[in-house]
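Protein chains in written order, with the numbering used here: chain A, 1 to 121; chain B, 1 to 121.
It is worth saying that the hints were derived from the structure and are not from the lab. Mixed in with the good hints there might be a few duds.
If chains are identical, the list can't say which one is meant, so a pair holds when it fits in one copy or spans any two.
[Stated by the list, open to error] Taking lysine-lysine pairs in the DSBU-like style, the calculated list, with each CA pair at most 30 Å apart, reads:
hint, residue 1, residue 2
1, Lys87, Lys23
2, Lys71, Lys87
3, Lys46, Lys23
4, Lys46, Lys71
5, Lys31, Lys71
6, Lys87, Lys31
Number of protein chains: 2
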Amino acid sequence: MTDQYTSSASQPQISSSDVNGTKVYSPTGDKLGHIDELMIDKQSGKVAYAVMGFGGFLGMGEDHHPIPWSKLRYDTELDGYVTDITKDQLEGAPVRNDNWRSDRQWEEGYFTYYGAAPYWV
Amino acid sequence: MTDQYTSSASQPQISSSDVNGTKVYSPTGDKLGHIDELMIDKQSGKVAYAVMGFGGFLGMGEDHHPIPWSKLRYDTELDGYVTDITKDQLEGAPVRNDNWRSDRQWEEGYFTYYGAAPYWV
Chain A
1 MTDQYTSSAS QPQISSSDVN GTKVYSPTGD KLGHIDELMI DKQSGKVAYA
51 VMGFGGFLGM GEDHHPIPWS KLRYDTELDG YVTDITKDQL EGAPVRNDNW
101 RSDRQWEEGY FTYYGAAPYW V
Chain B
1 MTDQYTSSAS QPQISSSDVN GTKVYSPTGD KLGHIDELMI DKQSGKVAYA
51 VMGFGGFLGM GEDHHPIPWS KLRYDTELDG YVTDITKDQL EGAPVRNDNW
101 RSDRQWEEGY FTYYGAAPYW V
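One chain only, chain A, in its complex shape:
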């Protein structure tokens, strides 16, 4: 990688390589977790959802949840994402089955749970 792609808060784009580790905050500024990776819809090139890791310690016992991208707002001052999703919502989120990533019906229910429009609409 060359330096020209180095990200900064003032850049309008962020590298997929740099998203890893970006913190996620509640509207009141509490840290909820961090982005581990983005899942990108191959056909449309839209970010389908972000995978947020939270809890645990040094990577052990950490839980991962898909978060609809539309529920994340990038805040340049915090240099992180702010979401209106609460901890209670995270903990009560629909259980994932083995096939959830290609189960559109499950995905639709999941996005509905968070009050987000499905990414393929």
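We have chain A; now place chain B onto it with these hints.
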């Protein structure tokens, strides 16, 4: 990372972590290069463009070019992206100034060069 996020050709989404290294082919099946990273528009969550590395040897002398995402079509059989951009087009692409990543006018010219709609439209 947990195994549940492992990507495969049959999955409708791809992890931003797995895009790194995905090969790019010409319509005739020749390898043009590989994706190094995706640049994501922070505000909209759209993939703005992919950064393709090509040429060079073992990472030395490699050149990097932004490729409009709309010019990349994922091919499940090749397990890579196919583009109609030619080598000549790549070599004749507009030179990047120091500020190209936040220079919307430059970006517009660049996307126009490749016959692609700007990602912010």
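Now for the hints, and whether the structure bears them out:
1. Taking the closest pair of Cα atoms, Lys87 and Lys23 come within 30 Å of each other only inside a single copy of the chain (15 Å); across copies the shortest separation is 39 Å, beyond that limit.
2. When the C-alpha separation of Lys71 and Lys87 is checked against a cutoff of 30 Å, the pair qualifies only within one copy, where the shortest distance is 14 Å, while the shortest distance between copies is 39 Å.
3. Within a single copy, Lys46 and Lys23 get their C-alpha atoms as close as 21 Å, and across copies as close as 19 Å, so both meet the 30 Å cut-off.
4. With identical chains, the CA atoms of Lys46 and Lys71 are at most 30 Å apart both within one copy (14 Å) and between copies (14 Å).
5. For the identical chains of this complex, Lys31 and Lys71 are intra-copy neighbours only, at 15 Å inside a copy versus 37 Å across copies, given an alpha-carbon limit of 30 Å.
6. For the homomeric pair Lys87 and Lys31, the shortest alpha-carbon distance inside one copy (10 Å) is at most 30 Å, but the shortest distance between copies (46 Å) is not.
Consistency with the previously given hints is maintained throughout, with no hint failing.
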